[in-house]
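There are 2 protein chains.
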Amino acid sequence: MRIGIFDSGLGGLTVARAIREKLPQADLFYFGDTARVPYGIKSAESVNRYALEIAKYLRFTRNIDVLVAACNTVSATAIPTIKEAIGEIQLFDVISAAIELISTTAPENSSIAVLGTLATIRSEAYETRLNLKRPDLKISTQACPLLVPLAEEGWIDHPVAIESLRIYLAPFLKNTPDYLILGCTHYPLFKEVILHLFEGKKPILVDSADTIALALAANQTTLDLSHKGCMDVTVSDIPQRFEILMERFLGIHADFISRHAF
Amino acid sequence: MRIGIFDSGLGGLTVARAIREKLPQADLFYFGDTARVPYGIKSAESVNRYALEIAKYLRFTRNIDVLVAACNTVSATAIPTIKEAIGEIQLFDVISAAIELISTTAPENSSIAVLGTLATIRSEAYETRLNLKRPDLKISTQACPLLVPLAEEGWIDHPVAIESLRIYLAPFLKNTPDYLILGCTHYPLFKEVILHLFEGKKPILVDSADTIALALAANQTTLDLSHKGCMDVTVSDIPQRFEILMERFLGIHADFISRHAF
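If you read the sequences in order, they're chains A and B.
Every letter in the first sequence is one number past the one before it in numbering that gives the first Met the number 0, and letter 111, counting from 1, is 110.
Every letter in the second sequence is one number past the one before it in numbering that gives the first Met the number 0, and letter 177, counting from 1, is 176.
I should point out that these hints are in silico values taken from the structure, not numbers from a laboratory.
The hints are all genuine.
Part of the chain A face toward chain B, derived, beta carbon under 7 Å: (1) Arg35; (2) Ser42; (3) Pro148; (4) Glu152; (5) Glu162; (6) Asp236; (7) Ile237.
All of these numbers come straight from a predicted model, not from anything done at the bench.
C-beta: ideal position from N, C-alpha, C; glycine also.
For reference, chain A alone in the conformation it holds in the complex (with noise of 0.2 Å):
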């Protein structure tokens, strides 16, 4: 089983590990878009070309069964169009899996917290995907642009990070939902410090690397066990840094790392 993976950059690399946790044998595809990262700030337009050519890529190079968006603002503004490009290849996206997993779980009338980059809050799609299927869950979003830069600055458990997660958290914090996703692959990192923050009830916090993980896991019908899997990453800019902070993310090697600037 050949499993492409595509993210802005770096962040998408915990999808990566909690897939090659779970399905161990499958080989895996990363596509990081360090020429262009971040996508959060940007417009759907842009993100929807860069998507395109990515999607395209992995699919004509390396003749990928399954790919997986692990970006979330691809999940929220890109999919009709990574869809029509990748024809019959099944798609996954960290949103749907999120999705997917609240709507099939979640006791009625829950309260949902959402963070994510602003380009994933403002496209909306969290509430308008979650109210068709569960119209009696309670929604509310919170956009947090620092986040993503303060994880690549490595200050998680910092006093900045806190402030700006207490910042951020704020409407939450007087009032804990009953779940937090974690709407942004980089979110992940901040959960200790996020947990910490809520000093009653803790939230349930939804994190899209495992849902993705496990609905891959739960579509393997046959699994070849001898098989170990590789791990082969490409990049839009120089690999020089991704290798570095591959470490922080992934704490795995990959086998293959190479270029493709588009």
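Please build the complex by placing chain B on the supplied structure of chain A, with the hints as guidance.
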């Protein structure tokens, strides 16, 4: 006089504003590469390619007399590439302007601190070029990757910005440098916060926007004072968000806004 000005995104508008103040009769053609912003975390190779595309675009579609690289990352890494592309057109860049000012006015053995993006600081452009002209100066540098996202979030005189600056400036707060170069076009937004953090002696702040406007004005021999210059803005992503943020950086209106994607 037709002046092309370009930056990775919005920051260079602080340079456009300073030029407009000094040379109100010049027509300004601004290019903001909002589809690929930021440059400060990308490789020199990618930054070179982007700068080349924009320099050619401004030269051939706007018929400019002068080109201003209003981006410190570009000025640190891509000047030789741009010079080759624009031929006889005069080129100004924010780093050369700051270095010219300091090397001609700083007293002997002055201490110079430089703040910049990761790419600018890694390039060692300030130290290398200053050392050539003034080997007596003592230069220290500090990368501040969070300042651009903080500025774009609008968190300027804000506890999170103050705490981040206190960390980045720590070595300089103990021992005030004579000059502090704001080596990124977003940083002048933090001028007051920075000065406030120095309790005793304050450093002289060197702002790329002011220094390059002075250099351009000094270069002008004839001025047609009857002409009121226009402000023409092109961006590579859709202009919507740009127009909103322009007000914050520029405080004036663009006469024309268009889009060109590479």
